[in-house]
Amino acid sequence: MPDNYFARYLPLLIHFLLAGALASAIVLLSWLIGYRKPTRAKLSPYECGMVPVGDARQRFSVKFYLVAMMFIIFDVEAVFLYPWAVVLRQLKMFGFWEMLVYVGIVLVGFFYVWKKGVLDWGKATSARRGEV
Amino acid sequence: MLSVGTFVLISIIKIVIALIVLLTAVAYTVWLERKVVGHIQNRWGPTRVGPFGLLQPLADGVKFIFKEDLTSPHVYRPLYIAAPMISLIFALTSIAVIPVGNWVTVGGIHTPLQITDVNMGLLIVLGITSMGVYGVALAGWSSNSKYSLLGGLRASAQMVSYEVSLGLSLIGVLIMAGSFSLRDIVDAQGGAYWHVIPRWNIFQGQIFAFFIYLTAAFAETNRIPFDLPEAETELVAGYHTEYSAMKFAMFFMAEYANMITVACLASLLFLGGWHGPLFGPAWLQAILPLFWFALRIFGFLFVYIWVRGTLPRFRYDQLMAFGWKVLLPLAIANLMITGLIVALKS
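Protein sequences appear in the order of chains A and B. If you read the first sequence in this note's numbering, its first letter stands for residue 23, the second for the next number, and so on. If you read the second sequence in this note's numbering, its first letter stands for residue 113, the second for the next number, and so on.
Treat the hints as calculated values from the structure; they're not laboratory data. Certain hints may be false.
[Unchecked claim] Here are the simulated lysine to aspartate or glutamate pairs, EDC-like style, with alpha carbons at most 16 Å apart:
| # | chain 1 | residue 1 | chain 2 | residue 2 |
| --- | --- | --- | --- | --- |
| 1 | A | K64 | B | E180 |
| 2 | B | K437 | A | D142 |
| 3 | B | K258 | A | D77 |
| 4 | A | K59 | B | E180 |
| 5 | B | K258 | A | E69 |
| 6 | A | K85 | B | D429 |
| 7 | B | K126 | B | D229 |
| 8 | A | K85 | A | D142 |
Please read these numbers as outputs of a predicted model, since none were measured by experiment.
Construct the complete structure from the given sequences, taking the supplied hints into account.
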């Protein structure tokens, strides 16, 4: 292996390109060989045989947006936790107390979100009524 | 010390072998699933094409290629075509940093049984697998069909929710090993206590983390009991309702490739990777680690299929509540307790 740090990532790039070539080849092959005889009924969006009313560019629940926000918060938490986990043996108890405080603060926010009903999908909660 | 040309050539050879093995494994996981679920439901599964239906995956592949590749006029074409490619590319790329064995010397060239040996392999696997959600979300949106949109939204919300628990459940393992390198994590699990109990992470107090990981992994790969994105009784097929022919097959292949990656990761992180009893002549000792690793992966895939044949599906509110209110607090508790014990001992 060449003695360059970035050379280790070169195979990853090659792998990505080869996988991309494979995926393109599959799509192309299917497009070339596959038989085509489109009719109007085949080309309409599938709605169990009913004639579709309008398209799918409609409004959907704001809950999905809230979940995405929650994901960002906890993923950033995980980003802080990963390097901490690797060096914990050197940090010893100091590192543990520091992280306990940090996780504690995140959990307070988590508890607030929980009580606000962001995590409830079934009941008509305050989030459903648009009070969040 | 190798020249750049040799290095690239070796990498390409390894990548091609890895892709062929992975795609074959994907095809035969589908066969295994049909066979096992068939027997669970008191049927035979595929029997007609070849002995025990073993050539069924090949026949399916050929049939997929010859099927009509419909692209309806109402879809957003660039993303509609890109979405299955994104899913498949990231599913195939995620095995790039997974080691399958120790370093070997073939023809004077010393190389790891791994496409590339990077020191933060775990982060790369997590990063690449989480890109897979783009394929699903874009497929749902670009199809411009109501079922697809709902399936895509559900799938992306579910995948990001369980990704948090999945990521946090691995932190216990990182604390035990003190490294992001998958090879170091496996090496840290070598040996045994009193020559009987292996030092795998699940026997070192990470058993809860293992079950959190397993549950989150089922949800990440959209498998029963968390297969809400393609709940066929209500959403037809979810995000790939509008896809046909090879484009549908690509989502299918991506799902099974992801299952295999998840199984590899579980074996490496919790079950000691390729460690196992070594015996016999030199050639057998060289092959046995690969065999033990493949056996673990097979075990995981079997559990996947077994669960599919056994459990009913969750309801969507139960699914989200379970992910956020049960798995996430458990994962945080596990990592803090592991951290406390390790900090006290060091």
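Tell me, in ascending order, the numbers of any earlier hints that this structure violates. Hints that this structure does not satisfy do not exist here, as all of them hold.
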